[in-house]
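If you read the protein sequences in the order shown, they are chains A and B. For the first sequence, the working numbering gives the first residue as 6, with consecutive numbering after it. For the second sequence, the working numbering gives the first residue as 6, with consecutive numbering after it.
Copies of the same chain are indistinguishable here, so a pair counts whether it falls within one copy or spans any two.
As a list, the in silico SDA-like pairs of lysine to any residue whose alpha-carbon atoms are at most 20 angstroms apart:
(1) Lys7 to Tyr39
(2) Lys19 to Leu79
(3) Lys54 to Ala139
(4) Lys19 to Glu78
(5) Lys7 to Ser17
(6) Lys54 to Ser169
(7) Lys54 to Pro147
No lab work stands behind these hints, which were simulated from the structure alone.
2 protein chains.
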Amino acid sequence: MKFCSNCALPISVKIPADDSRERFVCEACGIVHYQNPRNVVGSIPVFGKQVLLCRRAIEPRLGYWTLPAGFLELGESTSAGAARETLEEAGVEVQIGQLYSVLNVPQAQQVHFFYLARMTTPDFSAGEESLEVALFNENEIPWDDIAFPTVQYTLEWFFADRASGAFNTGLDAQVHCRDLLPKKQV
Amino acid sequence: MKFCSNCALPISVKIPADDSRERFVCEACGIVHYQNPRNVVGSIPVFGKQVLLCRRAIEPRLGYWTLPAGFLELGESTSAGAARETLEEAGVEVQIGQLYSVLNVPQAQQVHFFYLARMTTPDFSAGEESLEVALFNENEIPWDDIAFPTVQYTLEWFFADRASGAFNTGLDAQVHCRDLLPKKQV
Numbered sequence: 006m007k008f009c010s011n012c013a014l015p016i017s018v019k020i021p022a023d024d025s026r027e028r029f030v031c032e033a034c035g036i037v038h039y040q041n042p043r044n045v046v047g048s049i050p051v052f053g054k055q056v057l058l059c060r061r062a063i064e065p066r067l068g069y070w071t072l073p074a075g076f077l078e079l080g081e082s083t084s085a086g087a088a089r090e091t092l093e094e095a096g097v098e099v100q101i102g103q104l105y106s107v108l109n110v111p112q113a114q115q116v117h118f119f120y121l122a123r124m125t126t127p128d129f130s131a132g133e134e135s136l137e138v139a140l141f142n143e144n145e146i147p148w149d150d151i152a153f154p155t156v157q158y159t160l161e162w163f164f165a166d167r168a169s170g171a172f173n174t175g176l177d178a179q180v181h182c183r184d185l186l187p188k189k190q191v
Numbered sequence: 006m007k008f009c010s011n012c013a014l015p016i017s018v019k020i021p022a023d024d025s026r027e028r029f030v031c032e033a034c035g036i037v038h039y040q041n042p043r044n045v046v047g048s049i050p051v052f053g054k055q056v057l058l059c060r061r062a063i064e065p066r067l068g069y070w071t072l073p074a075g076f077l078e079l080g081e082s083t084s085a086g087a088a089r090e091t092l093e094e095a096g097v098e099v100q101i102g103q104l105y106s107v108l109n110v111p112q113a114q115q116v117h118f119f120y121l122a123r124m125t126t127p128d129f130s131a132g133e134e135s136l137e138v139a140l141f142n143e144n145e146i147p148w149d150d151i152a153f154p155t156v157q158y159t160l161e162w163f164f165a166d167r168a169s170g171a172f173n174t175g176l177d178a179q180v181h182c183r184d185l186l187p188k189k190q191v
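So that you can see chain A by itself, here it is in the shape it has in the complex (with noise of 0.2 angstroms):
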């Protein structure tokens, strides 16, 4: 950030007087422009034994499997983008489930949900953002060609659930939750 989103004139970077941070501050205007973490929101879409995944036809990590995902929208509940960003990739119109698990990346300025998701129909296609989508049961995994680690670490989970009969409780299963330090992230 050079100059004032809303003044135009060149930005500072210095701490506020109430503030501990530094912020990028406009002294002409007196704005604060602060800047957070952005949410990353996808889903697990499954079709009986089986979930989708995306190969990714954009960088970061072009040609690599994940599980449709992507940036959070203003005026948007985390669910209703994990539903937007798998019809987008996947083309796939998935009934979303509960809240699966939440991760922090914070060396990207990030923070990734993954909710459960159901697929009515085996009916899928690649969005402008995906080079192709599959269905994969779980011994067809990709596991070394996974684009990044929150994406590993859910389908891990997920596995491991469902190996052990969490999802046939009738209850929700648990929220899994992990901080990605940075020697984890690829």
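Use these hints to put chain B onto chain A, whose structure you have.
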């Protein structure tokens, strides 16, 4: 947003070619200035049977009672942010526990997170954003003067879970999720 923070020229509001939503776009330097919801992170500080609340010294809802909470900062995890806000607003170094509630407030462009938190001593002090801080038994909670619906829901869930024994199972309690509709906002 009126001017580009990168080049200081006037901003346009338009739908970029590869997008479906209106964005702030600089047609001079080509940058799209995305805007995204922000995360508010807080805690439910518990000392014995009592819960700590802060009376707000700032708008919005000046004079009303809240759980300690504030905006997540860059480079920070949601749990670390909840601990920081509790220290800043209530002068308490809590032991942060499990994620307890996630509430979407899309009309305010916010997602709220509250963590269970344990106070090891009954010591606290009002920070700059608090008029006063106090410990409350359940029958003393100022329900008519709670600052935000997300705080009210979280407190209601907490006391209901405590009454039902949900915290005595040795397992994590359910993470409570809710989307707040505009009419529920104060």
